[in-house]
Amino acid sequence: MLNSSQILETIEMVEREHLDIRTVTMGISLLSCIRENAQKTAEAVYDRVMKKAEDLVSVTLALSREYGIPIVNKRVSVTPVSLITASFPEESAEVGLALDRAAKELGIDFLGGYSALVHKGTADYEAAFLKTIPAVLAETERICSSVNVGSTRSGINIDAVRMMGELIKETANLTADRGGIGCCKLVVFCNAVEDNPFMAGAFHGVGEADTVINVGVSGPGVVQHALAACPEADLTEAAEVIKRTAFKITRAGQLIAREAALRLGARFGIVDLSLAPTPMRGDSVAHILEELGLSVVGCHGTTAALALLNDAVKKGGVMASSRVGGLSGAFIPVSEDIGMIESAENGQITLEKLEAMTCVCSVGLDMIAIPGDTPAETIAAIIADEAAIGMVNNKTTAVRVIPVPGKGVGEEVRFGGLLGRAPILPVHGGDASKFIGRGGLIPAPIHSFKN
Amino acid sequence: MRAVVTVTGIDRRGVVAAVSSFLAEKRVNIEEITQTILGGRFAMMMVVDTSEIQEEFSLLAVEAAALGDRIEMNIRLQHADIFEAMHTV
Numbered sequence: 059m060l061n062s063s064q065i066l067e068t069i070e071m072v073e074r075e076h077l078d079i080r081t082v083t084m085g086i087s088l089l090s091c092i093r094e095n096a097q098k099t100a101e102a103v104y105d106r107v108m109k110k111a112e113d114l115v116s117v118t119l120a121l122s123r124e125y126g127i128p129i130v131n132k133r134v135s136v137t138p139v140s141l142i143t144a145s146f147p148e149e150s151a152e153v154g155l156a157l158d159r160a161a162k163e164l165g166i167d168f169l170g171g172y173s174a175l176v177h178k179g180t181a182d183y184e185a186a187f188l189k190t191i192p193a194v195l196a197e198t199e200r201i202c203s204s205v206n207v208g209s210t211r212s213g214i215n216i217d218a219v220r221m222m223g224e225l226i227k228e229t230a231n232l233t234a235d236r237g238g239i240g241c242c243k244l245v246v247f248c249n250a251v252e253d254n255p256f257m258a259g260a261f262h263g264v265g266e267a268d269t270v271i272n273v274g275v276s277g278p279g280v281v282q283h284a285l286a287a288c289p290e291a292d293l294t295e296a297a298e299v300i301k302r303t304a305f306k307i308t309r310a311g312q313l314i315a316r317e318a319a320l321r322l323g324a325r326f327g328i329v330d331l332s333l334a335p336t337p338m339r340g341d342s343v344a345h346i347l348e349e350l351g352l353s354v355v356g357c358h359g360t361t362a363a364l365a366l367l368n369d370a371v372k373k374g375g376v377m378a379s380s381r382v383g384g385l386s387g388a389f390i391p392v393s394e395d396i397g398m399i400e401s402a403e404n405g406q407i408t409l410e411k412l413e414a415m416t417c418v419c420s421v422g423l424d425m426i427a428i429p430g431d432t433p434a435e436t437i438a439a440i441i442a443d444e445a446a447i448g449m450v451n452n453k454t455t456a457v458r459v460i461p462v463p464g465k466g467v468g469e470e471v472r473f474g475g476l477l478g479r480a481p482i483l484p485v486h487g488g489d490a491s492k493f494i495g496r497g498g499l500i501p502a503p504i505h506s507f508k509n
Numbered sequence: 007m008r009a010v011v012t013v014t015g016i017d018r019r020g021v022v023a024a025v026s027s028f029l030a031e032k033r034v035n036i037e038e039i040t041q042t043i044l045g046g047r048f049a050m051m052m053v054v055d056t057s058e059i060q061e062e063f064s065l066l067a068v069e070a071a072a073l074g075d076r077i078e079m080n081i082r083l084q085h086a087d088i089f090e091a092m093h094t095v
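Top to bottom, those sequences are chains X and S. If you use the numbering used here, the first sequence corresponds to residues 59 to 509, in order. If you use the numbering used here, the second sequence corresponds to residues 7 to 95, in order.
Keep in mind the hints are simulated off the structure, nothing from the lab. Just so you know, not all the hints are guaranteed correct.
In silico SDA-like pairs for lysine to any residue, Cα to Cα no more than 25 Å straight-line [what the hints assert, rightly or not]:
no. : chain 1 : residue 1 : chain 2 : residue 2
1   : X       : Lys372    : S       : Lys32
2   : X       : Lys373    : S       : Glu90
3   : X       : Lys372    : S       : His93
4   : X       : Lys373    : S       : Asp87
5   : X       : Lys301    : S       : Ala86
6   : X       : Lys301    : S       : Glu62
7   : X       : Lys373    : S       : Val95
8   : S       : Lys32     : X       : Ser62
9   : S       : Lys32     : X       : Ala120
10  : X       : Lys109    : S       : Ser64
11  : X       : Lys301    : S       : Thr94
12  : X       : Lys373    : S       : His93
13  : S       : Lys32     : X       : Ser116
14  : X       : Lys453    : X       : Ala362
15  : X       : Lys372    : S       : Val95
16  : X       : Lys372    : S       : Ser64
17  : X       : Lys373    : S       : Thr94
18  : X       : Lys109    : S       : Glu62
So that you can see chain X by itself, here it is in the shape it has in the complex (with noise of 0.2 Å):
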């Protein structure tokens, strides 16, 4: 039985704290659009995408007006196209430009999966495939790349991790007139899920069903809300009161997963439960953070208030949801977050701090802005440092940095939209490029021979 309070509090949630459900992703199976060449191949991504997500739009479209609930994000995740090229791969970029034409066409926003997964070793064709990612990137719109060096199964791919630190370089050259925004679409992980609904880092992995939705929701303005109505509750209550909330915002999320599953003909993946903020006032984690208790987020004390909302989200969304996965947790992307923002303007967060917050939450460094003249080397060792943190701890994590083109300490960078403004944060100074041109692979950790 509906009561009048629960009405309103839904819609409260919606019209005032930003409760959205982030994202509808589509993930596409491309393994049947292997042909002969580039050309044929392109041809059937371009078709089979276009016939998969043809409704895609229209059915969130009514989905969101039905339910009363803004969908922000429509988009598609496709088998990582390093496996669909593989006998040509020079020739990648054909496949890419293809899939940014169908997205364009679909009227989504991202399509990711630009992508190849080579924690334990690089083989030639995708050495080759990588080196077509920054003019992929450069090129098209509203492609998303991803590239998996490490797992805690595996080890650390060191010298894909070496490439990697190029490749974010070139692109960022490539893109310089943008602010390096190519970079921006780039994702590299450790422990990479096949099921990850949000950008830029989703790709449909090889073990998925032929076609699923998995729903991202949102709303770290309904959770600090929730934290703001009990600022007397000690730690043990707040995280309650999180879990709470966490429950319903995913229920929402699940609701629409099922339904729009069941409208578009496709398997109901996941829910990933993540708080994923944006640029504008009230959306933002960092301030569920300083709603905790903190002066500024970066200050002592971040991580364990992170470690608890982190904890305390997959807690209150596990039990509202039959499947959950992707990310799932608190998202801190720099530039895409307001209370984020003005902590690194004022040189509250620093890169290191930053480093130790992505221990606890459920991803990593993501949307850095760095500066520009920053060594591949060092680009290589940051990712090195992020991996290794998610390898030893059995999490993923991921590295989005931007070294912004002409631009060093002081300055800002601005992409715009859900993208957001950053100021540019220092890197350490100190050279590991001995360390990153030894190359080879970081053994796996012992705790991961669990057979």
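Given chain X's structure and the hints, the job is docking chain S onto it.
Showing chain S alone in chain X's frame:
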């Protein structure tokens, strides 16, 4: 199908009449109404049955919002499942 209509805004004459005639015209049956005025703010909630509507529910929701714009109130017509899902285990 069960749906929920909520109407909020500054209190004025004829709101209940406008909303209920719209619903009647669209073959929506009102099953439950609560309405209060709190500090000059009008708030009405209705649980309705939409099984006999002649158009798509999503379009009806858009028309309800448009009626709200005309009478300077905030009107939302939403599938009841969203509230059930969020507030019941």
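Results for each hint:
1. X:Lys372 to S:Lys32: Roughly 43 Å between the alpha carbons, so the hint for X:Lys372 and S:Lys32 is violated.
2. X:Lys373 to S:Glu90: 20 Å, holds
3. X:Lys372 to S:His93: 18 Å, holds
4. X:Lys373 to S:Asp87: The hint holds at about 23 Å.
5. X:Lys301 to S:Ala86: 23 Å, holds
6. X:Lys301 to S:Glu62: Violated: X:Lys301 and S:Glu62 sit about 36 Å apart, past 25 Å.
7. X:Lys373 to S:Val95: The given pair, whose Cα atoms are some 14 Å apart, holds under the 25 Å limit.
8. S:Lys32 to X:Ser62: Within the cut-off at roughly 24 Å; holds.
9. S:Lys32 to X:Ala120: Holds. S:Lys32 to X:Ala120 sits at ~19 Å (cutoff 25 Å).
10. X:Lys109 to S:Ser64: Since the Cα atoms of X:Lys109 and S:Ser64 sit roughly 24 Å apart, the hinted pair holds (cutoff 25 Å).
11. X:Lys301 to S:Thr94: 15 Å, holds
12. X:Lys373 to S:His93: 17 Å, holds
13. S:Lys32 to X:Ser116: The given pair, whose Cα atoms are some 23 Å apart, holds under the 25 Å limit.
14. X:Lys453 to X:Ala362: It holds: about 17 Å lies between the C-alpha atoms, which stays within 25 Å.
15. X:Lys372 to S:Val95: 17 Å, holds
16. X:Lys372 to S:Ser64: 32 Å, violated
17. X:Lys373 to S:Thr94: 17 Å, holds
18. X:Lys109 to S:Glu62: Given pair X:Lys109, S:Glu62 holds - Cα atoms ~24 Å apart, limit 25 Å.
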